[in-house]
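Q: Residue strings, one per chain:
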Amino acid sequence: MRSIVAFALLALTLCGCLRPGEERPDLDLDVGVASIEGLSVQVVDGQATIRELGPNEMILWAQAPVLELHISPGAPTKLHLTVLNCMPGAELRVGQDWTPSLQTDHPTQCVFDVRLEEAKVTEVLIAPRDYDTAESYRFAVMGDVQTALNTVDEVFQSISAMPDLRFVLCTGDIVQDGEYWEYELYEEQLAYLRIPIFSTVGNHEVRKPPQRWHQLFGRFSAHFRFKDVDFSLVDSGNASIDPKTYNRLKEWLDEGRDRVHIFGTHFPPRDPIGGRNASFRSRNEGAKLLARLAEGRVDLTLYGHIHSYYSYENAGIPAYVSGGGGALPERYEGIGRHFLAISVSPAGLGEVEFVDVDSP
Amino acid sequence: MRTLSFFLVLAAFSASAAANKTGTATSLGADPVLCADTSLRTQARTAPQVALRDQHNKRAHRVRATLAALFPGVLIHGSGHYAAGDTKTGNRLLLTSAVGAGLAITGGASLFWTGANRRVSEMGIPLLVSGLGIFGASWLADVYGSATGGTKLSSAVPPNISASLGYAHVDDPQFSYEHFATAESEFRWAQVALRPSLWSATVANNWRARIEASYSLYTSPKGTRVRIQSAATHHAFSDDGFATRVYEASVVGRWSLGDFGPRLAGAFADLSVGFGHETIQFETPGASNTGATLLLGRVGFGMQTPRGGESSFYYDHRRDTLAGGLSPSKRRGSGFAGHLGLRHRQPLGGRFAIRLATELGSAWVASGALEARWGKLR
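Top line first, the protein sequences correspond to chains P and B.
First residue of the first sequence: 1, per the numbering used here; consecutive thereafter.
First residue of the second sequence: 1001, per the numbering used here; consecutive thereafter.
Be aware that one or more of the hints could be misleading.
List of simulated lysine to aspartate or glutamate pairs, DMTMM-like, C-alpha gap at most 20 Å [unchecked claim]:
#1 B:1330 to P:351
#2 P:227 to P:184
#3 B:1152 to B:1259
#4 P:78 to P:91
#5 B:1330 to P:179
#6 P:244 to P:26
#7 B:1088 to B:1239
#8 P:78 to P:117
#9 B:1222 to B:1270
#10 P:208 to P:26
#11 P:244 to B:1178
#12 P:227 to P:118
#13 P:227 to P:91
#14 P:244 to B:1171
#15 P:250 to B:1283
#16 P:250 to B:1239
#17 P:78 to P:118
#18 P:250 to P:26
#19 P:78 to P:57
#20 B:1330 to P:26
#21 P:244 to P:255
#22 B:1330 to P:91
#23 P:208 to P:184
#24 P:244 to B:1239
#25 P:78 to P:52
#26 P:78 to P:113
#27 B:1330 to P:22
#28 P:250 to P:45
Just some of the chain B residues that point at chain P, by a computed CB distance under 8 Å [unchecked claim]:
#29 1056
#30 1110
#31 1114
#32 1118
#33 1125
#34 1169
#35 1195
#36 1244
#37 1245
#38 1248
#39 1251
#40 1327
If you're looking for bench data, these hints aren't it; they were derived computationally from the structure.
Ideal Cβ positions, reconstructed from N, Cα and C, are used throughout, including at glycine.
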């Protein structure tokens, strides 16, 4: 009996984190909602985070190419609206009227003056005019910068040198430790990137309290549609996806079922080198995710975490690992800093180009 | 804090095992300090007084040795045995920990310098895991030997046939199965053993069938043994639209630590390494099977407990089981580690025994089973 009691005591000491990322889906729900006296704002689906809101001024950080805002003023006012990480050439639409951005220093900074009428919800759309034109376009994919933040400008310049790329999808691990100075440096380096970057978090961002990412960049998991192609960027920062995020992913998969749908997350559900296990903390959960993506007819899966390049299939879906943002690389395979340039249209996937940053 | 509490309870558990043993005093390695102390002064005291004082001194000595095993023993393995005057065992534990650290550093360095290269990592990780396991086991052995002084308890001879029925509770935020009925059995014939098992969820459409076959390569009278083992597992996740199938082969070893020194009698260390291949079969039409290799590695430390019982604590690097892989904290460490486990088997007298186990990874698994045994028993 004594040994069984001792066993029970030992067993009780074995308690750990079954849902280490459970705060983050709840924080996602708060993104894009703010109000002050006489003014309230809602960014639909949390597609942008509100960095500042004053009686006559608002600053947003966009996490999607297309933003829809519902603005409710208490009195007639003119709102000076700045959108950071904005699509180049984006315009503001109220009703059927399009207004171009005011002159700014950088193509990913858009500035608008919006007239708001009293006691009326003004619906605002901010997007490039071709946002819903069904045609082919290209976007870039990168991840895993970490300790190479001070040289990531070279990667950004390579991306910017390809004028047909519309935006960058990032699979996370932009920073090494989630320190504020790292995020400041990251934003400084973005001066070299002429298109917006939409990112989820990796295991390095979650080393510090999630409120940091939440305040600066908004959602950990995001879904958007651009030119009739769906994109889902999902938070797997703890080598797992929280059940609440799975619920949201199910909605996104259902919405995008009949469209081309591109899925990105930091951890591959399955490492292509299985024994290395640089993947989800539970292989069964990884299989569950792949089953859901297959059932949701996802067309492409994009991963990071492994600082190299792999092209393979999972559950019959093309998969790419691209962790070439500059972090300590997988050596002796001849793969260095790189990004992917992917062509896509509502009809399907096009070419996936591997772009070597250091060997032009 | 959790780790500290674990080892405090482990030390208490070890002491509890020692208190229950039979013939404690005679099983110990000679304690030179106590021997010198008692040889001079016993003439002036009565026998009961001497016995009482000896017992008190031994207890105090053991507490000092255990504290030394905890610190600086956590860094210098064998410290507890040095404090107890058992230099020979202390040296062996220190050497073993150095070997473990060497393996771990070699494995870790190969991963670091190659950036976990695809051709290196499947060799580097076994070195890292087994090295850390040997390093950890040498510390646990130091704590055990310092706290108990060794026991005369020996491992029970496995029965020819055993069968068990039980229940398992699985707390996994990713799956809703929760309750499992379990049935396991074992058949032994000479060096060969066969272990089929079935776990079936009671409220979900999920079941796992596994069969292990092993061949014993070496068995010593003290309980050290080495076997090769192969296994096939089919796990149906019908509610989630997939099934997994794993084929694996491994070498499984158990070292009776009594060979290291008398203070470690009754303890053992487990180490197994192997490879497997896992295939996921999806129910969605058009979703092709997905396969991947699997690295198997388990390290453990355990002890015999009174009345033929046995307890062990282990780390298992695999992440394809119900327990999955551990997240040590919300901030760091997710995605590399396997799971931790604790097992206890306690004969109830006659032909029955109870088996308890708990594992912690991405899920928490707790199971209990009643085992019936036939054939040769001890």
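Q: So, for every hint listed, does it hold in this structure?
A: Now the hints, each set against the structure:
1. B:1330 to P:351: Measuring from Cα to Cα gives roughly 38 Å; hence the hint is violated.
2. P:227 to P:184: violated (32 Å)
3. B:1152 to B:1259: holds (13 Å)
4. P:78 to P:91: holds (17 Å)
5. B:1330 to P:179: holds (16 Å)
6. P:244 to P:26: Answer holds: residue 244 (chain P) to residue 26 (chain P) is near 8 Å, not above 20 Å.
7. B:1088 to B:1239: Judged against 20 Å, a Cα distance of about 57 Å means the pair is violated.
8. P:78 to P:117: Satisfied, since the Cα-Cα distance of roughly 9 Å is no more than 20 Å.
9. B:1222 to B:1270: holds (14 Å)
10. P:208 to P:26: holds (17 Å)
11. P:244 to B:1178: Satisfied, since the Cα-Cα distance of roughly 18 Å is no more than 20 Å.
12. P:227 to P:118: Since the Cα atoms of residue 227 (chain P) and residue 118 (chain P) sit roughly 34 Å apart, the hinted pair is violated (cutoff 20 Å).
13. P:227 to P:91: Satisfied, since the Cα-Cα distance of roughly 16 Å is no more than 20 Å.
14. P:244 to B:1171: holds (16 Å)
15. P:250 to B:1283: holds (17 Å)
16. P:250 to B:1239: Holds, because 15 Å separates the two Cα atoms, which is no more than 20 Å.
17. P:78 to P:118: holds (11 Å)
18. P:250 to P:26: Within the cut-off at roughly 17 Å; holds.
19. P:78 to P:57: holds (8 Å)
20. B:1330 to P:26: Answer holds: residue 1330 (chain B) to residue 26 (chain P) is near 15 Å, not above 20 Å.
21. P:244 to P:255: holds (17 Å)
22. B:1330 to P:91: Violated - the C-alpha atoms of residue 91 (chain P) and residue 1330 (chain B) are around 41 Å apart, more than 20 Å.
23. P:208 to P:184: holds (15 Å)
24. P:244 to B:1239: holds (18 Å)
25. P:78 to P:52: holds (16 Å)
26. P:78 to P:113: holds (7 Å)
27. B:1330 to P:22: The hint holds at about 9 Å.
28. P:250 to P:45: holds (15 Å)
29. 1056: violated (23 Å)
30. 1110: This interface hint is violated because 11 Å lies over the 8 Å limit.
31. 1114: With Cβ-Cβ at 5 Å, under 8 Å, it holds.
32. 1118: Since the shortest Cβ distance to chain P is 5 Å, the answer is holds.
33. 1125: Since the shortest Cβ distance to chain P is 7 Å, the answer is holds.
34. 1169: This interface hint is violated because 12 Å lies over the 8 Å limit.
35. 1195: Because about 22 Å separates residue 1195 (chain B) from the closest Cβ in chain P, which is outside the 8 Å limit, the hint is violated.
36. 1244: This hint holds: residue 1244 (chain B) lies near chain P, its Cβ roughly 6 Å from the closest one there, short of 8 Å.
37. 1245: violated (11 Å)
38. 1248: With a minimum Cβ separation of about 12 Å from chain P (threshold 8 Å), the hint on residue 1248 (chain B) is violated.
39. 1251: Constraint on residue 1251 (chain B) not satisfied, violated at 16 Å.
40. 1327: holds (4 Å)
In summary, the numbered hints that this structure violates are 1, 2, 7, 12, 22, 29, 30, 34, 35, 37, 38, 39.
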